[in-house]
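Student: Sequence:
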Amino acid sequence: MALLGRLLPLALALALGPAATHAGPAKSPYQLVLQHSRLRGRQHGPNVCAVQKLIGTNKKYFTNCKQWYQRKICGKSTVISYECWGGPHGHRALSSAPAALPLSNLYETLGVVGSTTTQLYTDRTEKLRPEMEGPGSFTIFAPSNEAWASLPAEVLDSLVSNVNIELLNALRYHMVDRRVLTDELKHGMALTSMYQNSNIQIHHYPNGIVTVNCARLLKADHHATNGVVHLIDKVISTVTNNIQQIIEIEDTFETLRAAVAASGLNTLLEGDGQYTLLAPTNEAFEKIPAETLNRILGDPEALRDLLNNHILKSAMCAEAIVAGLSLETLEGTTLEVGCSGDMLTINGKPIISNKDVLATNGVIHFIDELLIPDSAKTLFELAAESDVSTAVDLFRQAGLGSHLSGNERLTLLAPMNSVFKDGTPRIDARTKNLLLNHMIKDQLASKYLYHGQTLDTLGGKKLRVFVYRNSLCIENSCIAAHDKRGRYGTLFTMDRMLTPPMGTVMDVLKGDNRFSMLVAAIQSAGLTETLNREGVYTVFAPTNEAFQALPLGERNKLLGNAKELANILKYHVGDEILVSGGIGALVRLKSLQGDKLEVSSKNSLVTVNKEPVAEADIMATNGVVHTINTVLRPPANKPQERGDELADSALEIFKQASAFSRVRVCWVGPWPTQPWVLGELGPRRGLSHLPWLSSQGSPVTSPPPLGAS
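Mind the numbering: the sequence shown is residues -23 to -1, 1 to 686 in mature numbering (1 follows the signal peptide of the UniProt record, and there is no 0), read in order.
No farther apart than 30 Å at their CA atoms in a straight line, the calculated lysine-lysine pairs in the DSS-like style are these: (1) 326 with 49; (2) 540 with 587; (3) 439 with 409; (4) 487 with 409; (5) 332 with 290; (6) 438 with 418; (7) 579 with 398; (8) 487 with 573; (9) 587 with 398.
Label-pair restraints from in silico Cβ distances: (10) 52 with 480: 58 to 66 Å; (11) 269 with 176: 34 to 42 Å; (12) 291 with 101: 37 to 45 Å; (13) 433 with 260: 39 to 47 Å; (14) 35 with 176: 28 to 36 Å.
Rather than coming from a laboratory, the hints here were simulated on the basis of the structure. All of these numbers come straight from a predicted model, not from anything done at the bench. Cβ coordinates follow ideal geometry from the N, Cα and C atoms, glycine included.
Please build the complete structure, drawing on both the sequences and the hints.
Tutor: This is the structure:
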């Protein structure tokens, strides 16, 4: 009965579903990390949290699950400590963390949370302490003792020299005249402070970090009888200028100022919203070549793309970054924003020289390196940062560099550097023409290419697009990396040099002496017209060597039977174009004969029916030719291990019989004065099904008489 009593509530909860088992409002990110920290610290007592402390500093962070196991903040090692923390319970040493503490007023609570310096400065004013001890409902974002100590001496002096104006105003700016808990602190909201109704900017990030004017919330929701105290890690000051106004007054933004004016982005940067500007200094602009800078500054579209690439879509304070984040810019690109100790990094580089300059519509970080997006670059500039530098150097040597640096709409098919590991081709007229056929006459995006599409090149060729399950190929060359789309041109990184088609399949075969016997066979079988006409064929072309490897009698029989020859040759022709880059672990390709070919690729070796392809991807206008050194046999035409028919060559039959035989029976006697050998005796076959041979291998029409010895 007791067990039933315990099971009924569980059954009821399951029946009612998630709505019943997860009642109540969704927790904020801050509450979630606090909850995780409490779970990690619960074995040490009520209200104990596990916090991560950066080794060598006093910085502490609530831990989420990932950080708990990594034990790192901004790449630096941490240690776990256990402290009594949070809510109306106050903050005490671990050994004295009670389940609850009696509430005190705001002034006394400042001492409880470790903001005794704020208490001290409150005492120096005439009006503030009575407010903090009296009736009402307030919120105070109290700077920690370390925050006050880190203020520049001149700033601190100006505050304490005029306590009833400057210091009082500074403290009132940290206060709100109502109780505000962390579950009300929403990302991007503004709270009205008690100093001239000036706004305090709140940001609540998905990783659980909350900032107040970019100061990190250290200890939150410490209730008092007349309000709540939140401990923060900086002394905050009023914000009066928007991003554009800060650009206007900072000397180090002279070039940026001119660029913003030329692009027309000043309206955005002085309007409403919450942005992060990664503001390039004059030094950042000076680091890039003058030719590149002048080109971008003189091109309104490229300039706008450049500046948009420095603006994040939301305000990101430095204190919110404890690990790598992917953040989207107004340009639509993604920047990897991370940290290494106290330094912020952009795409892995520590280029931020000044951080958290707050504006009314966001935050500014000064950077000393320009972040040029692909959309503002020439093909030359795109290639300089890609694995295609060898190919681009070939274009330059061939006198084609102007196509890569001008305003011509092009798509460059650039082979990877590894394609040239054995050397580069000599620059001559043939090579130059080949390189021209690696430039498409339009600026393309690979995601819009489709199977069977044709592309016009600067060399006058038409190239075909082949879309496979895991590959996107242009003729024999497949795309090996994501597109890089520049100002006028797009870069496709290709896995090999492209070879444009030079004629039909028959033209290709006739032009190569290795296929003279195949050409003769095709003509004998009446397939010349098929392989000359428009179509999509994959031909596994046996070389002369493959035909010569056939036994003479078999070869003569095959070449002498036009119907059988046509059947065999059609089995070598697939009914679609399959280049080597489109072959996966196994592709079953239907042949013109009707049966399927099994084509596979492993470690760059292509096989068909397990036979290796000697040379792949000889492109033709109506297909592709792959060279093989074997004549393939359809399943119905493969030589049978046990056959009733006599072959043309008795010696060959004898050899086959020797190789496959299991039982031999011999008669030695006077009739007809020579030994006799029975052919292979296979499973499920009787003696009557087998041909009789003399010991010299000559076939005879009847066995020796039963009485022969």
